[in-house]
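Trainee: Below, each chain spelled out in residue letters.
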Amino acid sequence: MSLESLVARAARTIRRAFGDDLEPVESEQTKGLPTSNMDTPADSIESREGRYAAHGYTFSTKAQARDFERRRGQPDASSAPPALPPARQPTPTQPSVPAVEVEAGIERTGDGRFRAGGYSFSDLDQARSFARRRSLTNADRAVESLRSARLVAEQRLAYASSKSGSPIAPHQGDNPSSAEIGRMSLRETTPILAATPQKTAVGSEQWVTHALSMRVSDIAFEAFLIYFGKPKNASAYPHSSLIDPTLPVGACGDPAGATLGYWPSYAGLDPRGRRTYLEWLTAGRPGGMPIGYVFLYFYGLERRLIVDRSEADGAAILGEVRRLLDLYDVNSSFTRYARLLLDVGSVIAREDSPPLRPTLDHRYSFELPLRIRIPLGERIAAGESLNADEALAWILALPDTYLRTAATRCFDELIDLWRLRFDQGNPEGLKIRSPKTRLCVRYQAAAGGYHADLSLDGVPDIAAVVAPVVRLREQLMACSDELDPLSRFLGREPDSRGTLACTTLLPADMLAGPRGEPLRQARLKLTALLGDKAIGRATLGETLLLVGLEWPIGRASLPVALQRQLAGRLDALDFGYEPDRRFGPVTACDADTRLSLFEAPNGGPIDRDNETYAAARILTEIAALAATADRIVVAEELASIEKHVLVTPGLSDAERLRLRAHAEAILDDPPKANAAIKRLAALPQAHRQHIIQAAVAAIFADGQVRPAEVKFLEGLHKALGLPREQVYGLLHRSEAERDAPVIVAPARPENGVALPVEAPASAFAIDHARLARIRIETSEVSSLLATIFIEDASPPLQADTQSSGKGIFDGLDAGHAKLLEELVRSPMERAAFDKVAQALKLLPSGALETINEWGFDRFDEPIVEDDDLILVPPHILSLLKMEAAL
Amino acid sequence: MTSAAPIRARDRDTILQALAAGVVPRLGLQHIQVGRAGEIAALIRDVDRIADGGSAARFIIGEYGAGKTFFLNLVRLIALERKCVTMHADLAPDRRIHASGGQARGLYAEAVRNMATRTKSEGGALASIIERFITECVRQGEANGRPVASVIDDRLADLHDHLGGHDFAAVLKAYWRGSDDGDETVKAAALRWLRAEYPTKTEARQALGVRSIIDDADVYDSLKLLAAFVRIAGYAGLVIVLDEMVNLYKLQSAQARNQNYEQILRILNDVLQGNVLGVGFVFGGTPDFLMDSRRGLYSYQALQSRLVENSFAANGLIDLSGPIVRLQSLSPEDLLVLLGNIRSVFALGDVACHLVPDEALSAFMNHCNSRIGEAYFRTPRNTIKAFVQFLAVLEQNAGVDWRTLIGAVEVANDDIANTDEDSDDDELATIQL
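Chains as they are written, first to last, in my numbering: chain G, 2 to 887; chain F, -15 to 417.
Hints are computed from structural coordinates only; laboratory data are not their basis.
Since the structure is predicted, the reported quantities are computational estimates derived from the model, not experimental observations.
Check each hint, because a few of them may be wrong.
[Stated by the list, open to error] A few chain G residues that face chain F, going by a derived Cβ cut-off under 8 Å, partial list only:
| id | residue |
| --- | --- |
| 1 | Val331 |
| 2 | Thr528 |
| 3 | Leu531 |
| 4 | Leu772 |
| 5 | Phe790 |
Built from N, CA and C at the ideal position, the CB exists for glycine as well.
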C-alpha cells in the first residue's frame, strides 16, 4: 500500500465532502503523482515490460491486476473502508482456493484464515479490528483550511494592536466559565445516578455546550463539551469521541484502562471502558485517569474546534484543554497534542496571545510552536525588532536548540543574563529581515484521520529565518557557560539558591539587579568594617563569616580550597584583601591572621609578575620588617612605608592600594625576615638602593633609631651585598634631612632617543630656597661669632681712664710692665729674656703668658711673639711705644 | 656676604693662608663659617657654662668631610676666647682613652702637648700656665712675706681632694724650686711628669721625689685635676677636644673597646651629674662610631640610653640640648655660600672689591663638579683650597679674565685623606634620602 495513493485519495475525499469552495489541500507528495481515475474501464490494465499495470501499480500477473482493478472499482462513498489489495499476495504455489468475502474488506481465505488489508489473521475479530483501524488511518483527510488566511491576518493584526481584552468576551456568558469548570471538576464524588435524570430523547449527534443530563444505557450522567447522540450517516471524518447512547455500557468499569486501545473511540471502547469514561465525564473529568479516556474526550474538543470551527465554544474548549493540560502534563504525548490544539485553537477562538515569555516548555517540540511563530511573525511583519525575551523565546523553542544543564537548572538566572547580554549586543533590539515564506502550519489532528492547514498570508514565518539563529544560539550557549559554576554549585547544594554563595557565582554584571541583593548586604557589612578609611582590618575568621563561609572545624590553617572561595567571593564583592596568596607569597593563614580589606573592582587584580610591583612589594616587606625591628609599630612608620613605596613610578592605582593594604597587613604579621631578605636576591641592582632607602625611612618614621633597627639595617645591607658601613652614613644623613625633599626614585637612563647634550650649567642645581636659608643662617652665625671674637676690641682710650698710674702699661704689674718695656726697647734672644725675667723675679714663660694675656685684652691679639727671638710685632710696637712714651 | 664686622687685613691673610694650606684658620672663622647657627650657638652655651664652672659633653657626629675638624676647631677657638684652656688630641691606635699598654698615657701626653690658651692658641701652653701660676704665688708670697712653697700649697689645697692632687702639687713646687734655683733639669722633669711622660714610678721618684706617675689608669683623673688647676691658675675652665673617636670603634678587641666606652660613660656621668666643675669634653666621630650595633657607642647599652636622641625632636623639630650634635655634609648651596664668603674675605668685606661676579662661583663649582664628580661639595677641602688659589691669582694679575683661568684650576681629589676612612665613603656620598 503506497502512501501516495492514500494521500491522493484523501484529497479527493475532502473535495467531495466539502464542495468546491474548499481549498484543495495538496501536499507535496500528491503533486505530480498519477491521479487515479474512478471511471477507469475494467480493461484498462496495461501490459508494460511484461508486467501488468493497473491504477498506476504494476503486477506480475494479469489476474492480480484485475483483482486490484476490481477492488478499486468498489464505491468509495461507503463508510466502510475500501479493501486494499494485500501488500503481499499469497504465494502462487498455494492451492488456489477462492476467497469468500465475509464482511466488507475481510475475506475468508481457503486456508481458513481471514484476510483484511492484505494481512492475514487467524480469527475474524482480529481482522475486523485491523480493518477498522486501517479505515481510520486511511481516512486521514484534511479539514478545510482553517480560515481565509487574509482574514485571519487582518483580524489578528487588528486585535493584536487594539489590546481591548479578549475578542471572545461576548461568548463567555453562554459558555461555562473556567471557574465553573474548576467547580465541576471538584464534583467527582457525586454519584452518577444521583443526578436527576432529565430525560432527553436520543437524537442524532449533537454538540453539548452546557451541562446537560443525559442517559446512556442505565447511566444517567451530566456532561458538556461532548458530542452526544446517534451517529449520523457515516461521517467523512472519524468521530471517535461521539457518545452513542445506543451502544452498550458495561456493568462495571475499567478504571485501569486495560481495555483501551491505542486510538480509542467511543464506539470502539469496551463496554466497561465506556462506563468508566462516562463516570469520569460526570465526575468533572478529574485527573489521574488512564490517558486513553482523556484523549477520547480530547478528540471531541479537537473536533469541535478544528472541524466544526466553533468560535463560540473556543474559549470554553481552550479553557478545558488548559485545565486538562495541568492535570495530565506528565504525559508527553497528551501535552504535545494539547499544546498544538491550544496554539491553533487560540487562533480560531481569536484569543489574544499572552505576552511571549521564554520557557523551557517547547524544548522537545518537533517544530517551532505556533504561539511563538505568530507573535514573532507579526512583529517582523510590522517591521519591529525583537526584544530580549522574544529572541530568547524563539531560540528556546527551536527544535534544534539543545540546552545544557546549566541553562535548565538556572533558567531564571539564564533569562536575566540573556537580557543583559542581548541588550548589550543589540541595544536597538534584534531586527530581522522578513522572510518570503508566509506562515503556514498543518494541524495534524490527535484523533487521527484528518488534518487542517493554517496559513496566514500576512504573517512571515519566523521558522524560515535562519540567519541570526546561529549567533543567538551561540550567545545563549555563552550565557549558559557563564552560569556553569553556579549550576555546578546548585547541583551540589540545591538548597543554596539565593544565598551569598550562589550570588557570588553569578556573572558580575548580573549583580546590579535584584539578584545581587545578598551581595549588597554583604558589601554593606564589609563597607561598615572599612568605616571612612580606605583599608579596613579584620581577622581571617571574621572575614570568612562576612562572606558566608565557615572555618573548617579542626583546621589550624585555612585550606587552599577555602582560600580560593574566599578570594572568589571577595572578588565578587569588589573587595580586595591582603595577604592574598594569588598576588604574592603569604606566611600564615590561621583564624587570627589579620587581613587588610579594601574596595577594589573585581578584587583589584594585579599582575604579580610585573617587575615594578614585585619590587615594590618586596620593598614594602623590607620596610615593614625595618619598622617592626624594634617590635613597636607606630602610625608614622606605616605612613613612611606608604610614602616611600607608593611613590614608586610605574605603579597603577590598584597596585598602590594593594601595596598599602599589604603594608598594613605585614606590619601586624611580619614575614620571616630571612624569607623576605632571600627574595631580595632576585631583585635587580637598581631596586636595592631604593629598598634601603625605604627601610631607613621606615625606621626613622618614629623619630628614633634603636639598636635593633640598626641591626636590621646592617643585616639588610649584608643581604644585599652592600657595605655595612653605608648604614651609618644613611642613618646620619636621614637624621637631619627628615624634612628635606625625598628622592622618590633613582634616575635611571632610559633607552630611546638621546636627548641633546645638556649645558654643563645644569650639572648641579642650586636650591634657591635652601640657599636663602643658608645665607640667613650664615649671617646669624657670623654675627654670633663676631660677638665672641671681637667683643674685647676696646679702644685704648678706655684703658687710659682706668689706669691707676702704677706703671706705664696699665693693668700689668710692675715686674711684667718692666719686662715688656725692655721688650719694646729691643727684641731679645730667649736666653737674654730669661735672664731679664729672672732678674725681675719672673718665670719667663709665665711672664710671656701674662703679658700676652694683657695684650689680648688691650689689642685683641698677642703682643709678644715667642720664638727664638722674642719681639713685639711692629704694628703693636708702635702702639706700645706711644703708650710708654719711649 | 654680609659680615657683622669688617675684616681686618691681618685676619684676612691668616684666614687665606690657612685655607690655601687646607687647614682650619686660627682666627676669623666668623667670616667664613657657613650656616650651623644652631649647632654653634649650642656649643657657645656649653663653653659659657664651662666658664661659669659648669660642665658639658658633646659628641660631634659627622661624616668624612662634613667639617667636624673645622667645627671642633671653632669650638676650641670660642673656648679660648672665653678664656678657657683647651686641650685637644686625635685618637689613634696608640692613643686611647683607656688602655693598659701606655696608649692612654699617649693620648694624655698628646692632649697636654696641645694645651692652649688664648695667647698660645697653637698649643704648648702648659709651661706658660704653670709659670703664670707660680709667678702669682711668688708675688703673693712676697706681698705676704710667706714662703712661696706654702703659698703654692695653700692655693693648691683644693687639688688635694682630687686623686693624685698631692703629687701634682709636689710637682708644681718642684718646678718652682727648679726655676728658683735655675735648675732646668728639675723644671723639665716636672713638665715631663705633668705630661705623663715618665714610664716608671722609680724614675719619677728619682727626679722629683713623688711616689706616683700619671699612668694609663689615671688619665681621666689627671684631666680633672688639670681642669681644677687651670681654674686656680685664673682661667675660666678646661675644654678637652678628642677627635677621631672612630679609632675606638675600630678596636678589634671587644674588651678594649668596652673599657674605653666605660671611660666615656664615666665622663658622661660625671658631666651630666655635675660632678666636675669647669670642664668640657667634645668628641668628634663618624656615624658608624656612634651607631654601629656591634661596635659603636650604641652597642654599649648604658651609653645608648644616655645618648639616644630626643624622640620628640622628630619631623623637623630640633633639640640641640642632647649630647649628640649631628653635622651634615655640605650641600652645593652651602658651598656656594662658602665660596661667597671667601670672596668676601678677599675683598675685606667690601662688596665693591669682589674679584669675581656671582656667576663665577657657579662656574667654579661646575668646574669642580666636572673634575672631581658629584662629591666635590661633600669634601670641600680641596675645592676651597683651589678657590683661594684661583682668587689669589686673579688678585695678583689684574686683567686676567676669570673665565679663561677657571679651566686651568687643578682640583685634587681628596683621595689621600680618604685612605684612613672607609674606602666606600665616596659611594656613600652618592646616596641621598
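Trainee: Against each hint, give a clear statement of whether it holds in the structure.
Mentor: A quick look at each hint next to the structure:
1. Val331: Violated - the Cβ of G:Val331 stays beyond 8 Å from chain F, reaching only about 81 Å at its closest.
2. Thr528: Result: violated, 33 Å to nearest chain F Cβ.
3. Leu531: Interface hint status for G:Leu531: violated (28 Å vs cutoff 8 Å).
4. Leu772: holds (4 Å)
5. Phe790: Cβ of G:Phe790 sits 6 Å from chain F, so the hint holds.
Comparing the model with each earlier hint shows violations of hints 1, 2, 3; every other hint is respected.
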